[in-house]
Amino acid sequence: MKLIADLQQVYVARYGDGDVTPVDPAEFAAPRGHFVVGYVDGGPVACGGWRAHEEAQDSLLPGDAEIKRMYVVEAMRGRGLARVVLTSLEEAARSAGRTRMVLETGLRQPEAIKLYESSGYARIDNFGVYRHHPESLCYAKDL
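The numbering of the sequence shown is the UniProt record's numbering, which starts it at 1 and goes up by one.
Quick caveat, the hints were computed from the structure, so don't treat them as lab data. Incorrect hints may appear among the rest.
Subject to a maximum C-alpha distance of 30 Å in a straight line, what follows is the list of computed DSS-like cross-link-like pairs (lysine-lysine) [as the list claims (entries may be wrong)]:
#1 K141 / K2
#2 K114 / K2
#3 K141 / K114
With the hints as extra help, turn the sequences into a complete structure.
Have a look at this one:
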């Protein structure tokens, strides 16, 4: 998908490499996941998904839904599309019985940090492949 490829290029520009998190597209299939794509004038401009976690690991808890691949194309930023995608993901996770949203973002993504913090997300200990990454920030929000 072009949006995911574009997102990876943002990571390369900001961090020098792409996202190293192992992600299988099957993880986003219902009922253990969800993925949305937003369109404007027939073209894809925003996306995001969540995948379920059933076991405790680091700061992850059973019932968590982890947000992955949140992205809005540069030409459409500043119009509230990321917040629409985020709200849609939260609603879908809640409907699927998930109890908390978690996510990882990086220090070089101030717009993402602002979105998550203004949406009620609070810092948690880093988890997974980002557990010891100095530029990673992990967040959670009870659903």
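Consistency of the hints with the structure:
no., hint, verdict
1, K141 / K2, "holds, 29 Å"
2, K114 / K2, "holds, 25 Å"
3, K141 / K114, "holds, 14 Å"
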